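*Asks:* Each chain is listed here by its residues.
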Amino acid sequence: MKEKNATYVNCVHCGKCLPACPSYNIGFNEFLSPRGRVRIVLTDYADSLPLRAGKVRESMSSCLLCGRCEKVCPNDVNIVELIINEKIKLEDFAKKDFSSDKLALNILKNKREILLKTALKIANIPFVKKLSGRNSPLPEGKSFIGSRDLIFNADAAAAQSPSGNRPALRAPLLERRGVAGEDSDTSSEKPPSPLLKKETGAIREHSDASLENQRTLALKNERGVDDGKNIFKAGYFGGCVFNAVYPQISMDTVTSLTKNGVEVFVPKMQGCCGLPFISSGDLKSFKELAVNNALSFKGKKLDYIVTSCASCSYSINKLYPEYFNENEENYTEIMDFSKKLISIWSFFNEFKKHGFEIKKGKLDNETEAVFHIPCHLSNMPDFKPDSTNKKLIGEPGLIADKIEGLKLKPLKYNYCCGNGGMFNVRHYDLSKKITKRKFKEIKEAAPQEILTSCSGCMFSLKDQSGILKHSQTIPVSHLISIYTHSLQGEK
Amino acid sequence: MDKKLISEFESLLGKDRVLSETEELLCYSYDATSKDFMPEVVVFPLNAEEISKIVKLCLKYNNTPIVGRGSGSGFSGGSLPLKGGVVVSFTKMNRILELDEENMFVTVEPGIINADLKSYLSEKGYFYPPDPASYEFSTIGGNVAECSGGPSAVKYGVTKDYVAALEVITGEGEIMHTGSKTVKNVSGYNLTQLFAGSEGTLGLFSKITLKILSKPKEKSLILASYDDINKGFKAAISLLKLRNRPSMLEFMDKFSIESVKSIFKSDIIKITGKFLFIIEADGYKEEVEKSIGEYKKILEEFSPVFLFASEKSEDKKVIMDARKAISPSLRKYGDLKINNDIAVPINKIPEMLAFLEETSKKYGIPVINFGHFGDGNIHVNIMLDKSNAEMSEKGGKAKYDVLKKAVELGGSLSGEHGIGLEKKEFMKLKYDAYYMNLLKNIKKVFDPQNIINPGKIF
Chain A
1 MKEKNATYVN
11 CVHCGKCLPA
21 CPSYNIGFNE
31 FLSPRGRVRI
41 VLTDYADSLP
51 LRAGKVRESM
61 SSCLLCGRCE
71 KVCPNDVNIV
81 ELIINEKIKL
91 EDFAKKDFSS
101 DKLALNILKN
111 KREILLKTAL
121 KIANIPFVKK
131 LSGRNSPLPE
141 GKSFIGSRDL
151 IFNADAAAAQ
161 SPSGNRPALR
171 APLLERRGVA
181 GEDSDTSSEK
191 PPSPLLKKET
201 GAIREHSDAS
211 LENQRTLALK
221 NERGVDDGKN
231 IFKAGYFGGC
241 VFNAVYPQIS
251 MDTVTSLTKN
261 GVEVFVPKMQ
271 GCCGLPFISS
281 GDLKSFKELA
291 VNNALSFKGK
301 KLDYIVTSCA
311 SCSYSINKLY
321 PEYFNENEEN
331 YTEIMDFSKK
341 LISIWSFFNE
351 FKKHGFEIKK
361 GKLDNETEAV
371 FHIPCHLSNM
381 PDFKPDSTNK
391 KLIGEPGLIA
401 DKIEGLKLKP
411 LKYNYCCGNG
421 GMFNVRHYDL
431 SKKITKRKFK
441 EIKEAAPQEI
451 LTSCSGCMFS
461 LKDQSGILKH
471 SQTIPVSHLI
481 SIYTHSLQGE
491 K
Chain B
1 MDKKLISEFE
11 SLLGKDRVLS
21 ETEELLCYSY
31 DATSKDFMPE
41 VVVFPLNAEE
51 ISKIVKLCLK
61 YNNTPIVGRG
71 SGSGFSGGSL
81 PLKGGVVVSF
91 TKMNRILELD
101 EENMFVTVEP
111 GIINADLKSY
121 LSEKGYFYPP
131 DPASYEFSTI
141 GGNVAECSGG
151 PSAVKYGVTK
161 DYVAALEVIT
171 GEGEIMHTGS
181 KTVKNVSGYN
191 LTQLFAGSEG
201 TLGLFSKITL
211 KILSKPKEKS
221 LILASYDDIN
231 KGFKAAISLL
241 KLRNRPSMLE
251 FMDKFSIESV
261 KSIFKSDIIK
271 ITGKFLFIIE
281 ADGYKEEVEK
291 SIGEYKKILE
301 EFSPVFLFAS
311 EKSEDKKVIM
321 DARKAISPSL
331 RKYGDLKINN
341 DIAVPINKIP
351 EMLAFLEETS
361 KKYGIPVINF
371 GHFGDGNIHV
381 NIMLDKSNAE
391 MSEKGGKAKY
401 DVLKKAVELG
411 GSLSGEHGIG
421 LEKKEFMKLK
431 YDAYYMNLLK
441 NIKKVFDPQN
451 IINPGKIF
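Just so you know, the sequences run in chain order A and B.
Residue numbers for the first sequence follow my numbering, so the first one is 1 and each next one is one higher.
Residue numbers for the second sequence follow my numbering, so the first one is 1 and each next one is one higher.
One chain only, chain B, in its complex shape (with noise of 0.2 Å):
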């Protein structure tokens, strides 16, 4: 990289929102892939003046590749330097801009951490509902770029749903805006969709305008298991098709649920069974009451062997800190993980799930899965061995077959991580050449020098 044009970046931002020495860089060289890439320069800018200016400056200097991040917290390397350049930092652009309440829309920086946006919703009674199992930690940024789910995608959506308008920097270092506060809008093609779940390669956002709701009044959970996958899976299509749908739906297999087994310490909580949904009502009071009965109900028919129901926010926090927890946790079947989040149509899952059981016999290695049932999202994650190259090779084996499978079946590469540099080989199992072809064109118009996260997606 020319070092003039670090010291450009210095003179625009200061050298304390700079970053270039080696031990720095290294902090910014990975994510929650397993993957690493050294960046050249960090950059902290404050507002979309700032991010036009180093975007012009990156074109100015041989094209330099611009990466942003938020907390680096993504599964599929969205956030990596591939080509080494410029890593945006986000973090300091966590700002809640606007809360405009009458029209129930929330106007925020990209670097704000979801859960700050929460709990600041929270105490004004507004509710923002995509919650990514990160959301702790991930930025709003991050989740627009990567079009975050969660449990509550089965009855709210995922981020998509909630953008209502996108301040942008394009490849050209243009500020434009798309959108607007109102759930109608069709003037021109729809780019703020666009936008969410474009990875980071079509611009660097600034602003983001998030519909809002107001917040339920109750949550209550039921937790239930099965021996048998299929009387399971007709229990919980029968709760989808319920008006009032929970507002969680989730699955974990036997492994998922022996690995977080710790975190379900509590004495009430001995989970039995090989196939277990943890499921949520939420609403009023009556409604929730009345929701739960009616679950539990349905739940019984197919003689699951546990069934909890818990209003307790303590009991919640546990078995909620336990779904959370299954991805990390997993490191005791294996110190890799290839980690694939497959989305097929619901009534496609006990088929999926099979499947991905008949994968792991026959490459003898563990195959985990766990996620969001009422949406069709399956964690799937071929655990390995580090060190043993033949496991690696059959995993790379596996996680293209359980791809396939997952196409076959109607479904998508991914749910809710993205394409990344994870599966990029993989969108010739879902797309022609003409379909890609489009895709790459599209990019272009966005970003002609093909500086923003080059070498993603495609």
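So that you can see chain A by itself, here it is in the shape it has in the complex (with noise of 0.2 Å):
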């Protein structure tokens, strides 16, 4: 642990992170709070008392990363750090005994897609299902992310024609690509999709793209730098999820920012954030997915690179520049990719704090809906709420306010929805007991639709059995889905 991050000693007991802690709710056992978590690890860094460390990871790893406590914490303990550095000291991930988590991270770190899709194919078969008595998500088409580096062009006549009518553009991306339940021959009868796929040697650079300071350049000023055209260079990283298991979602943001005027790059070598590498306590490959996936977008001079999961922004904005040391190989390529990366809603905010205007877009049918908060989404940065979207939740109000038809409900409490990323693999059953929490404020607000904008999030408020009826079942997407399926006119 860095030694400026030792805040533990400043923990006072005083008690408040305990009604914000998702696991502590469960059952209201101290054990499973960061209260209780913090006096283990800190029992256990003065080796005051013998503690076995099935024990202690076992309160460890029912944290959820959530970093609800550390909000509250009016000492500013850097709660759910201390917790991930008590998981790598006990090298979790170094047990030698097997188990589906340990199963489900090597296939994410070797980027064996085909393997992750067939697994999780595998667990939804009905008597395997029955058998593990857990529901596991099922992929949702090819994934995103190809043998090639992708390159998507703005869409520059986008704003006369919003609503997509124009010539057919027929995109060879898109032949290949299916989405869920449809066959991608048949894809024609879609609307034509204005995306275009070059190949990656035609990427442009941009001429004073400073690596210093991507973070606020004047991007006004950077219009008119491409032969006198308007674009702007967005990188995309999708995480495993959004490539693998929701494609569609990569696709949607993709689109999104090109029906924007966004170009957007999206680097085949990319992979796993390594958020459930980290969150597992395997630091090695964390750092080296880290690497990998700073490396596949170095030098390619984009203003930033966006995400559309808020766990992938926690872990690169929050915890990449925790694990690498200045001297360490790599450092600057990480912290370059780090600052860098953005979530689509800050990246909106930022684009139209430079002028630009942000499309409307239309649904068909008016849509009351509810949008889960993601845990990881919640810090967001300083943010005015000028609508009533923003003070419902936030940043991604900004989008939200473009959608008519959208009219979104509050929920009372924002509470978690209980996935934490490796959390709902190891304790699925606690996991559940999260999400039917929450949906009680769900219910509450009686939405057609749940919107949120994290893979794990997706995830868990999609499994409604045993919590909704079958036929009360409520459909759960991600926002920028929606918004893009405005712009196209249609949902």
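Any given hint might turn out to be false.
To be verified - Straight line, CA to CA, 30 Å or less: simulated DSS-like cross-link-like pairs of lysine-lysine:
(1) B:Lys312 / A:Lys409
(2) A:Lys353 / B:Lys270
(3) B:Lys92 / A:Lys412
(4) A:Lys409 / B:Lys124
(5) B:Lys118 / A:Lys71
(6) A:Lys440 / B:Lys118
(7) B:Lys83 / A:Lys55
(8) B:Lys285 / A:Lys390
(9) B:Lys316 / A:Lys409
(10) A:Lys384 / B:Lys285
(11) A:Lys71 / B:Lys92
(12) A:Lys433 / B:Lys386
(13) B:Lys312 / A:Lys71
(14) B:Lys215 / A:Lys391
(15) A:Lys443 / B:Lys261
(16) A:Lys71 / B:Lys35
(17) B:Lys15 / B:Lys3
(18) B:Lys332 / A:Lys409
(19) B:Lys312 / A:Lys407
(20) B:Lys332 / A:Lys436
(21) A:Lys391 / B:Lys35
(22) A:Lys339 / A:Lys409
(23) A:Lys55 / B:Lys424
(24) B:Lys217 / A:Lys409
(25) B:Lys181 / B:Lys234
(26) A:Lys391 / B:Lys181
(27) B:Lys312 / A:Lys353
(28) A:Lys440 / B:Lys285
(29) B:Lys15 / A:Lys71
(30) B:Lys15 / A:Lys433
(31) A:Lys390 / B:Lys124
(32) B:Lys348 / B:Lys430
(33) A:Lys71 / B:Lys261
(34) B:Lys332 / B:Lys386
(35) B:Lys35 / A:Lys433
(36) A:Lys443 / B:Lys3
Keep in mind that the hints were calculated from the coordinates and are not lab data.
Keep in mind it's a predicted model, so treat the numbers as computed, not measured.
Put the two chains together into one complex, using the hints given.
*Replies:* Here it is in structure tokens:
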């Protein structure tokens, strides 16, 4: 642990973190609480009591890394980091015994999407499901990222025709990618896509993008550098789930950008953000993945790198800088990548700040929805809540504002969904209990649709069996998908 | 501890409601004081019958000590298992059992968090005033045991003023009922109010009936600060004499202001001055407007250096968050805090504060003060360096001086935290042997074997 982060000594055991913690709220057992965990770690450091690794692991692994405790802590104790470091110390991952979460991690690390999909598909066969007693997400279509880097041209004409009735530009990309439940060959029925794929070699470079200062680039000034075209460039970081399990969300994110006149670059080399690994105590794999991701975007002179997964943002923005030292190889690349990565919501916020107009969309049918704020999104940067939607959900409210026909309803408490990444895999039953608590407030709001912006939250929120009757199932979507569909004049 | 007691608990409650592993017990060994004691087992009952059986089992097995615990957020060690034994966690007993809208009473289980009860009532248009700084995480059971108070005490009183009836399990394992849902009740001794503030030493609560009020429609805040303590004091006394006295009259000294300055980051609130008051008016809209106008006029007569009024809920949140953050954020003045919550008659506050400043100078250690001006309850924080033994000794002496002075001024050793472990050695400053013996005998009546929270208060 970096000495600067030894804030645990500041814990005065006031107990303020208890009600904030999703795992504490399952059974009100302080062994599964932030204050309890801090005490266990402290005792371990002081070596003042003989503690057994198995029990310590039990307490640590029940932490969802949601960070809600840190948000309420009056003494700024870095509780999550303390827990992660304890997990690393325990070398959770080094255990020799076989477990399903280890298998899942292995698949993620080696980017064997086919394996991941096969494993998830097997897990979804009824008798396997019954045997394991758990629900697993079903992959929806082919992976988003294939064997080549992708470039999506900014849709310059979209400004004049937001409904999308433009001359058909058949995108080879779309031919390869079916949407769940659709045969890709019949996709000609869909409105023609304006997306184009180019070869890697065709990437244009920005003239004056300085690495030090990417976040504050005066984007406006750069307009016009590309042969007079008003284009700026974003990278897209998909993350494992939006690449392999819900690829349509990646497509929707990219489309939301291109429709707003942004060029998008997607390097094929990128992989998992690493959060599942570090949350399992596997620092080595986490760092390998971080370096891989950073290098895959290196030197591309992008204005921003956008992700639509809140947990990926958390991992890359918050954890990457914590676990790399200045004298380490690739430190500069890691920091550049971390600084440049931005959530899709922050991106549009920046986009607007620089004077660009965000396109408005319209839903065919008015929809009442709730937006579940992912824990990892709730630490949003200073943001002025000047509209009802922004007051309700913060930064994503900016995009919600642009969707005519979308009516957001408040959620009373904004509880955690219960996913917590590997927490859901390791403690499925506990996870479901938290999800159940979440659905109490969702049911009260009675939405037609649940929106969110995190891959983990989507898993948990879609897993409604045992919580809602089958006939009452509420569809779950990424807000960016709804936005993109509203731009296309369809939903 | 007899292992058989643990297995008896397991067969009574089921294994998932009994904790006995070291690592689990460790998480029940502390509260918000800096002391810790390991329990030998933690149990989670769900009702009075189970609690009664737990107590009876403890009597059967060598009179094993029992300590009740809510959120473990107390400042006097009330929930610490001083002599090991059993911690009874009430956290699973957190239901609202009945809202009696006609009589305006609510009956709850002790494990419900104060803020959860407040928000439940607020939605229905009702109001439960007691608001200790910990109300977002402390339980009603703990609040009743310690007779917690908060800023609203100046207008609305403290927890005991709202406890109407209790279901209690005594040290003999008997389930007893006190009080009634009536305001008037003179029939035998007032045991309900005896339990309120008994620091968990007379019995374990299983049901609590609280009086509720209808919710004030509006609230509005004023911040006012003074460089001259005496002028500020006169202004505050004048506010208390009003028929529409403030619903909150908090004060912070210059160190407390400094320690939470970053929370007041809003540009509008730039605090100056050495002595800050946070004043609130509540009621109907016209009432609040009138009160605020009146308060302002009075405050201005005594030449404040800073005056700020706001009706905005955002401002109120910032101000109250800052107020609540003082206690935990004092760490920057020292890593060991001796936290006293003396109460003195209001007209003795200036004398007490002057004494505190002297004490700080005398021992050369920071003494930081804030609290509830309206009820004379001052939080005196003596800040020490854990590793400095000499300083700790001085801190102990300072604490003695402070408590002695409070008693001399006709005040109390503790306004709202309770005596617990933290102040029991100072009880003799206030009470003679006869009085102390009386207290001990009262405990004996409810708990003949001295198993309920032994070692606290005396």
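*Asks:* Now, for every hint given, state plainly whether the structure supports it.
*Replies:* We went through each hint and held it up to the structure:
A hinted pair counts as satisfied when its Cα atoms are at most 30 Å apart, and Lys312 (chain B) with Lys409 (chain A) qualifies at roughly 23 Å. Proximity of Lys353 (chain A) to Lys270 (chain B) is assessed by CA-CA distance (about 28 Å); at most 30 Å being required, the pair is judged to hold. In summary, the hint linking Lys92 (chain B) to Lys412 (chain A) is supported, as the alpha carbons are separated by about 22 Å, within the 30 Å threshold. For the proposed pair Lys409 (chain A) and Lys124 (chain B), the alpha carbon gap of about 20 Å is at most 30 Å, so the pair holds.
At most 30 Å may separate the alpha-carbon atoms for a hinted pair to count; Lys118 (chain B) and Lys71 (chain A) meet this at roughly 22 Å. Restraint check for Lys440 (chain A) and Lys118 (chain B): the C-alpha separation of about 19 Å stays at or below 30 Å, so the hint holds. Between the alpha carbons of Lys83 (chain B) and Lys55 (chain A) the distance comes to roughly 25 Å, so the proposed pair stays at or under 30 Å and holds. Note on Lys285 (chain B) and Lys390 (chain A): the hinted pairing holds, with a Cα-Cα distance of about 28 Å set against a maximum of 30 Å.
Among the hinted pairs, Lys316 (chain B) with Lys409 (chain A) is consistent with the structure: their alpha-carbon atoms are about 25 Å apart, no more than 30 Å. A distance of roughly 28 Å separates the Cα atoms of Lys384 (chain A) and Lys285 (chain B); the hinted pair therefore holds under the 30 Å criterion. Pair hint Lys71 (chain A) plus Lys92 (chain B) holds up; C-alpha atoms about 25 Å apart against a cutoff of 30 Å. Using a Cα cut-off of 30 Å, the hinted pair Lys433 (chain A) and Lys386 (chain B) is violated, with the two alpha carbons roughly 42 Å apart.
Annotation: proposed proximity of Lys312 (chain B) to Lys71 (chain A) holds, straight-line Cα distance about 23 Å (limit 30 Å). Taken as a hint, the Lys215 (chain B) and Lys391 (chain A) pair is honoured in the structure, with Cα atoms around 25 Å apart against an allowance of 30 Å. A hinted pair counts as satisfied when its Cα atoms are at most 30 Å apart, and Lys443 (chain A) with Lys261 (chain B) does not qualify at roughly 41 Å. With a C-alpha separation of about 26 Å, the suggested pair Lys71 (chain A) and Lys35 (chain B) falls inside the 30 Å cut-off, and the hint holds.
Proposed proximity of Lys15 (chain B) and Lys3 (chain B) is supported: the alpha carbons are some 14 Å apart, at most 30 Å. Proposed proximity of Lys332 (chain B) and Lys409 (chain A) is contradicted: the alpha carbons are some 42 Å apart, above 30 Å. With a CA separation close to 26 Å, the supplied pair Lys312 (chain B) and Lys407 (chain A) stays within the 30 Å bound. A threshold of 30 Å between alpha carbons decides the hint, and for Lys332 (chain B) with Lys436 (chain A) the separation of about 41 Å lies outside it, so the pair is violated.
Restraint check for Lys391 (chain A) and Lys35 (chain B): the C-alpha separation of about 42 Å exceeds 30 Å, so the hint is violated. Taking the CA atoms of Lys339 (chain A) and Lys409 (chain A), the gap is near 33 Å; set against the 30 Å cutoff, the hint is violated. The hinted pair formed by Lys55 (chain A) and Lys424 (chain B) fails the criterion: a straight-line CA distance of about 36 Å is larger than 30 Å. Straight-line distance between C-alpha atoms of Lys217 (chain B) and Lys409 (chain A) comes to about 25 Å, which keeps the hinted pair within the 30 Å bound.
The straight-line distance between the Cα atoms of Lys181 (chain B) and Lys234 (chain B) is roughly 40 Å, outside the 30 Å bound, and the hint therefore fails. This hinted pair does not check out: Lys391 (chain A) and Lys181 (chain B) have alpha carbons roughly 42 Å apart, beyond 30 Å. With a C-alpha separation of about 27 Å, the suggested pair Lys312 (chain B) and Lys353 (chain A) falls inside the 30 Å cut-off, and the hint holds. This hinted pair does not check out: Lys440 (chain A) and Lys285 (chain B) have alpha carbons roughly 34 Å apart, beyond 30 Å.
Between Lys15 (chain B) and Lys71 (chain A), the direct Cα distance comes to roughly 33 Å. Violation of the 30 Å bound is thereby established for this hinted pair. A hinted pair counts as satisfied when its Cα atoms are at most 30 Å apart, and Lys15 (chain B) with Lys433 (chain A) qualifies at roughly 19 Å. With a C-alpha separation of about 27 Å, the suggested pairing of Lys390 (chain A) with Lys124 (chain B) holds against the 30 Å cut-off. At most 30 Å may separate the alpha-carbon atoms for a hinted pair to count; Lys348 (chain B) and Lys430 (chain B) meet this at roughly 17 Å.
Note on Lys71 (chain A) and Lys261 (chain B): the hinted pairing holds, with a Cα-Cα distance of about 18 Å set against a maximum of 30 Å. Proposed proximity of Lys332 (chain B) and Lys386 (chain B) is supported: the alpha carbons are some 13 Å apart, at most 30 Å. For the suggested pair Lys35 (chain B) and Lys433 (chain A), the alpha carbons sit about 34 Å apart, so the restraint of at most 30 Å is broken. Restraint check: the Cα-Cα separation between Lys443 (chain A) and Lys3 (chain B) comes to about 46 Å, which exceeds 30 Å; the hinted pair is violated.
In summary, the numbered hints that this structure violates are 12, 15, 18, 20, 21, 22, 23, 25, 26, 28, 29, 35, 36.
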